[in-house]
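Participant: Following the hints, position chains B and C against chain A.
Chains as they are written, first to last, in the working numbering: chain A, 1 to 169; chain B, 1 to 169; chain C, 1 to 169.
If you are wondering where the hints come from, they were derived from the structure by calculation, not from laboratory data.
One should not assume that every hint holds.
All copies of an identical chain are treated as equivalent in the list; a pair is satisfied when it fits inside any one copy or across any two copies.
[Unchecked claim] Straight-line distance between alpha carbons at most 25 Å, and here's what the computed DSS-like set of lysine-lysine pairs gives:
id: 1; residue 1: K37; residue 2: K53
id: 2; residue 1: K37; residue 2: K168
id: 3; residue 1: K168; residue 2: K75
id: 4; residue 1: K58; residue 2: K75
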Amino acid sequence: MNETGRTREMAAGGSNFIIENEVFQLYIAHACINILKMIFVAYYTVFKRFANKTFSTKEDYEGFAATMEKDDVKKKLAECNPEVERVRSCHRNDLENIPAFLVVGLLYALTNPGVDAVSLHFRVFTLCRIIHTMSYLLPLPQPSRFLGFSVGTLSMVSMAIQTLLMGKL
Amino acid sequence: MNETGRTREMAAGGSNFIIENEVFQLYIAHACINILKMIFVAYYTVFKRFANKTFSTKEDYEGFAATMEKDDVKKKLAECNPEVERVRSCHRNDLENIPAFLVVGLLYALTNPGVDAVSLHFRVFTLCRIIHTMSYLLPLPQPSRFLGFSVGTLSMVSMAIQTLLMGKL
Amino acid sequence: MNETGRTREMAAGGSNFIIENEVFQLYIAHACINILKMIFVAYYTVFKRFANKTFSTKEDYEGFAATMEKDDVKKKLAECNPEVERVRSCHRNDLENIPAFLVVGLLYALTNPGVDAVSLHFRVFTLCRIIHTMSYLLPLPQPSRFLGFSVGTLSMVSMAIQTLLMGKL
Numbered sequence: 001m002n003e004t005g006r007t008r009e010m011a012a013g014g015s016n017f018i019i020e021n022e023v024f025q026l027y028i029a030h031a032c033i034n035i036l037k038m039i040f041v042a043y044y045t046v047f048k049r050f051a052n053k054t055f056s057t058k059e060d061y062e063g064f065a066a067t068m069e070k071d072d073v074k075k076k077l078a079e080c081n082p083e084v085e086r087v088r089s090c091h092r093n094d095l096e097n098i099p100a101f102l103v104v105g106l107l108y109a110l111t112n113p114g115v116d117a118v119s120l121h122f123r124v125f126t127l128c129r130i131i132h133t134m135s136y137l138l139p140l141p142q143p144s145r146f147l148g149f150s151v152g153t154l155s156m157v158s159m160a161i162q163t164l165l166m167g168k169l
Numbered sequence: 001m002n003e004t005g006r007t008r009e010m011a012a013g014g015s016n017f018i019i020e021n022e023v024f025q026l027y028i029a030h031a032c033i034n035i036l037k038m039i040f041v042a043y044y045t046v047f048k049r050f051a052n053k054t055f056s057t058k059e060d061y062e063g064f065a066a067t068m069e070k071d072d073v074k075k076k077l078a079e080c081n082p083e084v085e086r087v088r089s090c091h092r093n094d095l096e097n098i099p100a101f102l103v104v105g106l107l108y109a110l111t112n113p114g115v116d117a118v119s120l121h122f123r124v125f126t127l128c129r130i131i132h133t134m135s136y137l138l139p140l141p142q143p144s145r146f147l148g149f150s151v152g153t154l155s156m157v158s159m160a161i162q163t164l165l166m167g168k169l
Numbered sequence: 001m002n003e004t005g006r007t008r009e010m011a012a013g014g015s016n017f018i019i020e021n022e023v024f025q026l027y028i029a030h031a032c033i034n035i036l037k038m039i040f041v042a043y044y045t046v047f048k049r050f051a052n053k054t055f056s057t058k059e060d061y062e063g064f065a066a067t068m069e070k071d072d073v074k075k076k077l078a079e080c081n082p083e084v085e086r087v088r089s090c091h092r093n094d095l096e097n098i099p100a101f102l103v104v105g106l107l108y109a110l111t112n113p114g115v116d117a118v119s120l121h122f123r124v125f126t127l128c129r130i131i132h133t134m135s136y137l138l139p140l141p142q143p144s145r146f147l148g149f150s151v152g153t154l155s156m157v158s159m160a161i162q163t164l165l166m167g168k169l
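Chain A on its own, in the form it takes in the complex (with noise of 0.2 Å):
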């Protein structure tokens, strides 16, 4: 392929060089599989709030559970469902942790480090995300939530601190 071949391909093709490399191959996929997890907690919170006729706001009563009674609205509105805050528990702990992992994942994937130390960090970080959502969700005894949040956020400053030595402040 001649020099404005190629150019031109990368220019339409969105750096087809990324999507061939083994570790973008890594990295889309557990970047994928995260977001989907927490998607699917994000449904489950909208299930739990139905199966508990528990909803954040007036219009949500009106539209959802038309037929209950104001004061009930009123009191409900007032009080917290243990069942739903423990699923936006377990949603906003992904907040804290998956968006950073989904940067830093990258970041740390373009410093070249090997495919081996990159499927090591990722496999890590993901397994840690599902042991931590199955133990808020089911619930598992403790320390299972603990070690799942920990072990995956040493995963993410391995990454971070290795990332940071390539760049300049």
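Facilitator: For chains B and C alone, kept in the frame of chain A given last:
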């Protein structure tokens, strides 16, 4: 341009071929719109806090409502203002969706799905986020907020599954 | 190097030209600093939970405070500990800002604005996040936290608007 010349341009220019790509122009626009929308919600929370004189810490009351009685501050800190909480819930839903979109949208664009498919997914997501925010803040009756949330996540799930197929666990 | 050689190096090497670019070295450093700061806040929450024996679920009390009376556990679960909530609020503000910065900072760097402009935006943002965290956790009197938050978001808005101009809806 010769080999060295192009390599140098890439190194110096920060991947101009990415910027010239129509799919990335779509990504850049939708990413920024969603981020700006989210920052708007953050400032709307600040506005609602000042409008309702409802802050989250003791030092906020000392700094921004110095004339308020100590007992009133204590009472205000112990309770939640529904107007402020509404904006915070809206913001939290953004946090549950927009950072994930920012990554999955980029990865999906990298898988070369064609401009039309990218455009459709991004427009649906952004439109749904705007509908969701308006439904929460005006507010609009349900199921407008629920549709904004669920159709937006469906767009993300579609992108994540298509991207995942290019990956490797 | 011949064509095939370079293509192969790019495929194997994961975009070395990105790593060798000064703008990306800035991005990498600031991204990692902000992520590590956010993970520090996560662990500080854990520390405050243990220091105040205040956990979020029944199984936490069973696992980490087994000697506590059942009635005390129930009471503790129903109320909020202000020290723990302070760290959680600080963390939430990070979630509202850092993931958005991680994406908009990268996109802004890709638009080729020059090293000085990138460096200014990134340093302002990172410094503001550190000021915000210190203001929340020490705490410092207002308006230090408000300035940390608002100047940091202004840096993001500036980057987002400049990037948006390169995009296409």
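Participant: Hint by hint, note whether the structure agrees.
Facilitator: Each hint tested on the structure:
Taking CA atoms no more than 25 Å apart as the test, K37 paired with K53 passes inside one copy only; the shortest distance there is 24 Å, against 30 Å between copies. Taking identical chains as interchangeable, the C-alpha atoms of K37 and K168 lie at most 25 Å apart only when they sit on different chains, with a minimum of 17 Å there against 34 Å within one chain. In this assembly of identical chains, the alpha carbons of K168 and K75 never lie at most 25 Å apart, being 54 Å within a copy and 48 Å across copies at closest. Taking identical chains as interchangeable, the C-alpha atoms of K58 and K75 lie at most 25 Å apart whether they share a chain (11 Å) or sit on different chains (24 Å).
Hint 3 alone, counting from the list given before, is not met by this structure.
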